[in-house]
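Could you build the full structure based on these sequences and the hints that come with them?
Each chain, letter by letter, is given below.
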Amino acid sequence: MKMAALCGEFGDLVQIKKQLISVISLCKERGLLHSAKWASELAFALDPLPKDELPPSAPFTEEDAQDLDALTLAKSYFDLKEYDRAAYFLKGCCSQKAYFLYMYSRYLSGEKKKDDETVDSLGPLEKGQVRNEALRELRVELSKKHNAGELDGFTLYLYGVVLRKLDLLKEAVDVFVEAIHALPLHWGAWLELSNLVTNIEMLKSLSLPDSWIKDFFMAHMYTELQMIKEALQKYQNLIEAGFSKSTYIISQIAVAYHNIRDIDQALALFNELRDQDPYRIDNMDTFSNLLYVKSMKPELSYLAHNLVEIDKYRVETCCVIGNYYSLRSQHEKAALYFQRALKLNPRCLGAWTLMGHEYMEMKNTSAAIQAYRHAIEVNKRDYRAWYGLGQTYEILKMPFYCLYYYRKAHQLRPNDSRMLVALGESYEKLSQQVEAKKCYWRAYSVGDVEKMALLKLAKLHEQLNESDDAAQCYMLYIQDIFSCGEQLEHAEVSTALRYLGQYYFKNKLYNEASLCAQRCCDYNDAREEGKALLRQISQVRDQIETPSADLFTPLSNSNTPVRRVSPLNLISFTP
Amino acid sequence: MASVHESLYFNPMMTNGVVHANVFGIKDWVTPYKISVLALLYEMTASKITLPERRRLNKLILPLQQGPDLTLGQFLQTVEECCPQTAYAVKLRLHEMADGELKDMEYFFSTLPTPFTAFDSEAYKTSVVGLFMRHMLLAYNKLSFSQVYKLYKSLQHYYHSHYAKPTDGQAGLPALVADDSEMDLTSTEDTVGDRIDKEELDTPLHESELRCRGPLSQKQAEYFLARQAYLLKNDENKALKPAALQEELNNMLKFNPDFAEAHYLNYLNSMRVQDIFLSAHSLLHYFDRLILSGSEGKSNGDEGYGRSLRYAALNLASLHCRFGHYQQADLALQEAIRIAQESNDHVCLQHCLSWLYTLEQMKGSDSTVLTEDSVKMAAHFCLPYLASLGIQSLVQQGATQGKTAHKLMDALKDTDILHWKHSLSELIEISLAQTTSIWRMYGKSTMALQQAQLLLNMSSLEPVNFGVQQNNTEAFTVALCHLAELHAEQGLYSAVSEILQHLKEQFPPHSQHAKLWMLCDLKIQFERHMNEGKYLLAEPLVTAISALNKTEGLYRKAQVLKALNRSTEAYNILQRLQVHCEKTKCTEMIIRVMLSTAELHWESSGFSTALPLLLQALALARQHHLQSLASETILHLAFTQLMLGVPEQALSVLHEAIEPVLAHGAIMDKGRALLLTARCQIAAAGFKLNGQGQADLRSAVFGVDTLNEAAAYFSKLNCKERLRDVYYLQAQLHRSLGQTSQSNKSAMLFRLLDQELQSPAPPVSMRL
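In the order they appear, the protein sequences are chains B and X.
In our numbering, each residue's number is its place in the first sequence (first place is 1) plus 38.
In our numbering, each residue's number is its place in the second sequence (first place is 1) plus 10.
It should be emphasised that the hints constitute simulated quantities derived from the structure, not laboratory data.
Please note that a few of the clues may not be correct.
[To be verified] DSS-like mimics (lysine-lysine), calculated; alpha carbons at most 27 Å apart, straight line:
id	chain 1	residue 1	chain 2	residue 2
1	B	K152	X	K533
2	B	K119	X	K160
3	B	K150	X	K163
4	X	K417	X	K593
5	B	K151	X	K533
6	X	K533	X	K386
7	B	K151	X	K593
8	B	K56	B	K75
Now the structure itself:
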């Protein structure tokens, strides 16, 4: 039912393509490069139109004709980044297009000057004082026009950007929504809006135009808000609706998979993406993160070299190289490249966090703390930075202190077992066993990635002499390890088996005990103990078999073996 | 994301979005204000000034150099007060520069006397002035062309904004309104220059934009933070309101996110409004930042970030402690102790130890041994503050545990010597407040009154508030509360309400110490209602009291229930309370509970059962030197004996108590004591109240006098029920003595009161 509706909505792919083509030219005329790029990518993914179907170029008004020369001149200055010059020649033009370019040049000129000023500031007291001086004037003019209702979609967007830069976020949201209504196809406005939406309630409260582009926005928003399942569903719908060739969607899905740590899926998608678009640099840092996690050195090295050949002064490239060096344990170099990435774009969140990780590897805790703090400053919701801070303090042997940070990280990712295990470990160090147990159990319940929670829980129970619980956990642990199939480095199956063997032996379940002991013998570190246990079992069995007076004593409650724990079906295990 | 100007972002000097301007190692920066100071210095060396004027100017130099940047108006005014002629010259020089061209400023800098050449002038290189000039010249010479141009621009702006102000009525709406505040938070730079904007702008500006003032200079910010932190500690009222301060801090952090101290102030501010979430966040943020700044030092030694780690954990402990999360605090403290031990930091360990005993105390367990250790160690490491804080804490514990008074007073005296020696004004205040409390506990109201007055009349010793009479510290709250209660005891309710009004103004309800006076206020109201017999009015107060202090609340509840004749419930509560108090070793409360229980026994005529309880209470009170409670217990004892029919015994016991009660007791107690005495006298004289039997008339006359006196006390308190009892006794007595007219008068008074009260009089025998 839903699918059908969706197909109906997207049914007219031709219409969509037409819209895209016209918006591309509009954006280009106004120098909105990123929006044009996005729309072009999407348009490329759709089937080409026959010649007569191509949309006519935008109607040419009298005003446009008047401003044509000035506009052409200014646009060429604008393209050469001579913004003041462009603005000068556009002054007095009355067409909408010229007006937008006029304001936009002034805005960009202010931004450029601001960035230049920062280098030349008069001292630390001016550090934060540097700002885009043009913003206020722009705001005054734009708000006048806005009140008069003279702004079109593009100028509304610019007005929104100005408001956001002035930290008038509420107004900015309203203006962006207005801009989207006026011109739904301008992706830049949607993106700016997405940066201002902080939670799902706010998202629901927005009144958005009913356009096909809204689905792209919603999918993007779901990814941002960590609602990966919904995001994936949205993207799947889009693909089914006919955007299957879009590299944008593929990359977004890959990123979504990365966020939920479905590494294999994400890797497959990224490889597909690179096949389709070999010179792509966007999102490649995410790809390299995946390769890093999987320790795929040759692939990462290949990617790094490839990207350097394409463009070595890109944030993504630097991050990839940083990851590459990190994987080769050359942490100083890695940190250097992350620094370079940050110089290219100081608001690059991932690089701050990754740099923190590198400093951690180098045991430079204070630098690591600095890096993580910066990451948090850029985005308060960056759970990895909070987690990193926690780890730093854990290394500094401050288990109580790091609790706060782990809790923060846990708050942001309630279903991530790593934070829970970290929390549990801290609690364990503080001898708060009850809390630690809760954490470990919860970590197991939400799906333990590293398969460590159960083992730790079992050991904790063992320490507290809660042998039944410990045995239960060890058993679950063994099941867990074998059911996941792959071999884990740190797996401590032998420990679990050893304990279980002893446990069954104590509870006089000799069959199970001997099974465990036999299994123990498969592992080097537990072989001797396994054998010893086997010997003990056979001894005890011999004693039982030799007829003695005990044999005829009636079974009572005290000497019946209590079978609290169901014996294992160890046959299925193939270590 | 694809922000509009992404392509502009290549800037090799930038990290963290801002340039680290300190790359060249320059600490001082030339600002327009500094140029004005330079101009002043130049004029002072160049022109002839009379001696007194020069003296005044010389006194001005240091504050001008080290203080925060002033606006030109303020600057010129200060100079003018000292020497109008120089002020004019400075103005002229600035005018030359500001109305001229860039070269005029450059010329000015080149004409400045070089500190290296001028040997005999005041600007010699090692002098204060010379050092300042050298700094300025160095900073100026390092400026790049565009920076020099910018400096010139801002100088022009600085100069013109001063003159633009008076002509422009609406200028500087946001900044200049706040300008007259002593803090001088504003730089006028961004307001006046944009006048054109404002005229164009017909839509009202958004409020948040209005409030967004320019950034502060480093020094201004530091001054602001230091001042606010000081005020938060000592005089919360004068500090900015929590919301305003928060906004100011946010503003500061927006412009300078690396300013760690702002986070700390943020933490203090959040503590003020009891916001655990934000305060913990700010505290951790502060220490994260601090660790950065200290990272250059030795990594784990006394300095450097190893040190801040320890204190970070310690501060976290104190935070949890203040919010009453004792377990958390304990864990954090353990951590701090462990780290401090690992790095052999005895001072930090000492701090930890003093927190440890504080924590133990707050948890309600005995921490005397810990405290003693702490004091010894603190003395060993020469930390007078911690040592005497420990002693004060010991004194407090000693007082509750019944240490002898002279030991406590001796200890306090010794610490006082220490305080005055190191001028630890804060501790002096605490010490005085503590003495007040101790005297009060011992039941010596006069001494308590005297100590409280001493504290309140003491001038502040803090350098910042020097000479100002009062600080808003906890000590003052305590002293004022005692003062209020002491006045209430004497029935001086108008004085009490004045004191409370003062407390309310000084410590608004949201502030840290407000709970103290709230409890005090409630207690006084409660007592008053109880004395006047308005039990139903007292009842709702109980809930409020329990919210502030559970034990006290329970006790008051029992009292109300007792007064309302709901004895069983009252008895249950008292039993519970006694168990609880024995656990927490709260001797005063135990004795009070015992007395109340004894009173309950009276109601069921169980006078003999009350006796052992009372004797136990008496022993306890004597052991702990609680004189007022001891005399109260004796009154109870005497009453019991009277009821048991041995008035002579009762009288002799009473003799012991009557003196301290009359000297130190509350009016209520005095009245009750006298009433009891009278009744004992009457009974001893052999009167039966129905007038039969042979009586010793001579001693009965004493009874008349005593009753008159008691009546006077009760009428002062408006305690009608007891007054009624007195009149009844008087009437009876006069009749027995054959003084009919007086008897009739008393009877009439009794009748009037009885009608007014409407409730049936409880049997006289049942109440003390």
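Practice item. Against the structure, test the hints numbered earlier, and report the numbers of the ones violated in rising order. Key: 1, 5, 6 and 7
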